[in-house]
Every structure is written in structure tokens, then in C-alpha cells.
Amino acid sequence: MMNSKMKQLLTALAISTAVTAAPVSSVQAAEKAASTIEQGKKLAYSRSKGNCLACHMAGEGAMPGNIGPALIAMKLRYPDKQKLYNKVWGTAEAQTVPNSMMPRFGHNGILSDSEISKIVDYIYTL
Amino acid sequence: MKKTLLIALSLGVTVGAASTTALAVDPEMDRQQTVDYFKAKNPKIAPEEYINGAYIYNADKFAQWEAAEEFPPYLDAIDAGEAAWNKDKAVFEKCFGSDVSKIRAKYPYFDDAANKVITLEASINKCRTDAGLKPYKLKKGTIARVSAFLAYNARGQKIDVKIDSEGARKAYEAGRALYIEPRGQLGLSCAKCHTYNAGRKARSNLLSPHLGHTTHFPVFRAKWQALGTLHRRYVGCNKNMRAKPFKAQGTEYSNLEFFEAYTSNGLEINGPGYRE
Chain A
627 MMNSKMKQLL
637 TALAISTAVT
647 AAPVSSVQAA
657 EKAASTIEQG
667 KKLAYSRSKG
677 NCLACHMAGE
687 GAMPGNIGPA
697 LIAMKLRYPD
707 KQKLYNKVWG
717 TAEAQTVPNS
727 MMPRFGHNGI
737 LSDSEISKIV
747 DYIYTL
Chain B
3 MKKTLLIALS
13 LGVTVGAAST
23 TALAVDPEMD
33 RQQTVDYFKA
43 KNPKIAPEEY
53 INGAYIYNAD
63 KFAQWEAAEE
73 FPPYLDAIDA
83 GEAAWNKDKA
93 VFEKCFGSDV
103 SKIRAKYPYF
113 DDAANKVITL
123 EASINKCRTD
133 AGLKPYKLKK
143 GTIARVSAFL
153 AYNARGQKID
163 VKIDSEGARK
173 AYEAGRALYI
183 EPRGQLGLSC
193 AKCHTYNAGR
203 KARSNLLSPH
213 LGHTTHFPVF
223 RAKWQALGTL
233 HRRYVGCNKN
243 MRAKPFKAQG
253 TEYSNLEFFE
263 AYTSNGLEIN
273 GPGYRE
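Residue numbers (the working numbering), protein chains in the order written: chain A, 627 to 752; chain B, 3 to 278.
Among the hints, erroneous ones may be present.
[Claimed, not checked] Calculated lysine-lysine pairs in the BS3-like style (CA-CA distance at most 25 Å, straight line): (1) Lys108(B) - Lys118(B); (2) Lys194(B) - Lys249(B); (3) Lys225(B) - Lys675(A); (4) Lys194(B) - Lys675(A); (5) Lys203(B) - Lys675(A); (6) Lys713(A) - Lys194(B); (7) Lys108(B) - Lys668(A); (8) Lys241(B) - Lys675(A); (9) Lys668(A) - Lys142(B); (10) Lys203(B) - Lys713(A); (11) Lys164(B) - Lys128(B); (12) Lys246(B) - Lys675(A).
The hints are simulated quantities; they were obtained by calculation from the structure and are not laboratory data.
Bear in mind that the values here come from a model prediction, so they are computed numbers and not experimental data.
Make the full structure from the sequences, and use the hints.
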């Protein structure tokens, strides 16, 4: 009895140290990704930056407008993440809707490429 | 249905191409198309309801707004406008006549001799400076109060803007172009918000319809806690579009007002109005 419990404990310990100790870089990478998403969310919600909520429902953002479609199931609708980036950046090919209200965030220099990329990382989680 | 309508609408077709000036616009046909467009968009809303702005799109907001209009916060401002009128009554009556109910409905109009649109607010100030009085500031304060006093006395009369010269038609066209063309970093135009997306929400702000935009000005806005003129509102919208605003009472906004007012022909004057 004692023995087996001891064993369990030891293996558990071994595993947990393995997790925390061994792949330090992957943990940092995960943290970094999480913070990119968090930054993207801030940029998306901020009135002076993306202000996406002016027109779109997005996550738990308060008082969203309804001019554009709700930003949900983005992974499903944009299997190719680059296409989503292009839509937000406002590439020529992405201009498919006449008289669209959707601003061309990259094309018109409203946001930087890296800001757009963070926003896309965030909305890709929705 | 919606799509064919959008394409049929001349607004949609002339966007982009510099054709807006090359193509002669028939203002009356244009106005009728706008009325038809809004009718098709919301068949249940009667044309005469468009004087009530964004509130026509939401029953709760309409009820709240109606309640606010029972004891509206602009009553003191109307009194102050009357007092300002009476203070310089001799001067004003020389310019506008003595019947204060017969003034608002004459504006805006196109003055062929001066070759420009004359708005009520511009006339008030011209009247003052011609008589050696100091002009009022243009976007708020006394000018808005006097304008509100005159609008209040003209309530129930109908907007009747006339276009019967080439100059007037050109001014209409210039205002229309300003309304349709995307400007500023966000690539927005007045039409995108107040025609194509009227009735939708930008954050929690319901977007008002272009039709009827001028009937209830000047407006007392809760946000301003004071009256503001139509051109003050234009400045605000241009800033929201991240586009450089024009000068209040300059040519651009006067043409824009002329265009918006003409489109609202036949609708009742119900100024001043209360807005969120």
C-alpha cells in the first residue's frame, strides 16, 4: 500500500517537474500567444484603434453595433487565416461588398500590420 | 429585392467614379428615389414619420423620447432666443419682416444673384453685420437659440426648397456629392451611415435616416446639454469619420444642407428637437 502510494506520488512529482522544468520555451510561447490574443482584444475593443464594436458583436464586448455581421465562428468561416487578415487589412481582393462600411484598416493606415495581426489572432478565438 | 433596389438607386451607381459632376442629376427624380428607397427599406414607416429621426426605428426609444419631448429641455433656450430677437428687434424685422412664423420655412434657398445657398443662420448673421451689430458664433449659443425660436414658431409648416435655376441645381449636386463620396481614413460617407445603414446601430447609437434630417434643427442634445446647429452636427459626423470637417456656414455645408433639405421637401418642420 504505502509503497504504491509512494510510487504514485513520485511519478506524479516526476511528471509535474517534467512539465514545468523541461520545455520552458514552449510554456513561454504559450504565454506569449495568450498575451498576443489579449493585446489583440484590447486593440479590437479600443475606440481609438480597431473600434470593431462600433459595428460588430465580438466576444463579450459591451454595447456592440450591428452594422456588420457578428464576429463568431471565425475559424470555421475562415479556414485560411490569411484570408481573414486580408479582409481586415483591406486588400483589393477583399473588397467584394459594394458600399461596405468595413474600413480598410491596413490599406488606409488606420492600424499597423502587427496590430492587425494581433486583432486577427484574437478574433480567430471567437 | 434589397440588392436590386440598391443597384437601381442612383446613389449606389455614382459612388466612386468622378461621374457625379459629369452626370446631370434631376433633383426631383432623385428625391423621389430616396423616398422610395426608405419606403422599400421599412414599408411600415410612413413618410411623414421621418421627421423624428432615429427614434422611428425603435419603439422603446421612441417612447422615452416622446416623454422627454413633453417637458423638453430646450424651452428655456427658445425663451432666450426670443429675448435675443427682441433685443435687436428693429434690425431683425428690417431683414425678416415682423411675422416670426414666416421665416424658418423660407430657408435654405438659392440666391441667384449671390450664386450661393443662403441658410437661416447665415442670414441672421448677415443681417446683424449689415446693421453694424456683432455676428453670433456659428455653431452654438445665441445663433442656435434664435434659430430655435424661429423654428418653433414655424412648426407644422412644410419644408419647401425650390430648385429653379442652373445654379441651384449645381449647388444641390455639390451637396449630394459630399453626401455620397467616402471621405477620411475610415472610408466612410454620409450615405453609408444614414442611407444604407439607417436603422442599424453603431455601438449603441441608432443611425437616423437621411430623409427628414433637417426638419428638427437646431437640436438640443443630451450629450451637449445645449442646442447646436445642423452644421455643428455635420462637423461632429465628419470628425467621427476621421475626415477634416468644413467650416460651419461655409459653401460645402451650406450645399449639403440644401441637398438634405430638398430631399426632405413636404415634411413638417418640427424644430427644435431633442436628441440623445
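Status of the hints after comparison with the structure:
1. Lys108(B) - Lys118(B): holds (15 Å)
2. Lys194(B) - Lys249(B): With a Cα-Cα distance of about 22 Å, the restraint between Lys194(B) and Lys249(B) holds, given a limit of 25 Å.
3. Lys225(B) - Lys675(A): Distance ~23 Å between Lys225(B) and Lys675(A) Cα, so the pair holds.
4. Lys194(B) - Lys675(A): Distance ~20 Å between Lys194(B) and Lys675(A) Cα, so the pair holds.
5. Lys203(B) - Lys675(A): Within the cut-off at roughly 19 Å; holds.
6. Lys713(A) - Lys194(B): Satisfied, since the Cα-Cα distance of roughly 19 Å is no more than 25 Å.
7. Lys108(B) - Lys668(A): With Cα atoms ~50 Å apart, Lys108(B) and Lys668(A) exceed 25 Å; violated.
8. Lys241(B) - Lys675(A): Judged against 25 Å, a Cα distance of about 15 Å means the pair holds.
9. Lys668(A) - Lys142(B): violated (36 Å)
10. Lys203(B) - Lys713(A): holds (21 Å)
11. Lys164(B) - Lys128(B): Within the cut-off at roughly 22 Å; holds.
12. Lys246(B) - Lys675(A): Given pair Lys246(B), Lys675(A) holds - Cα atoms ~18 Å apart, limit 25 Å.
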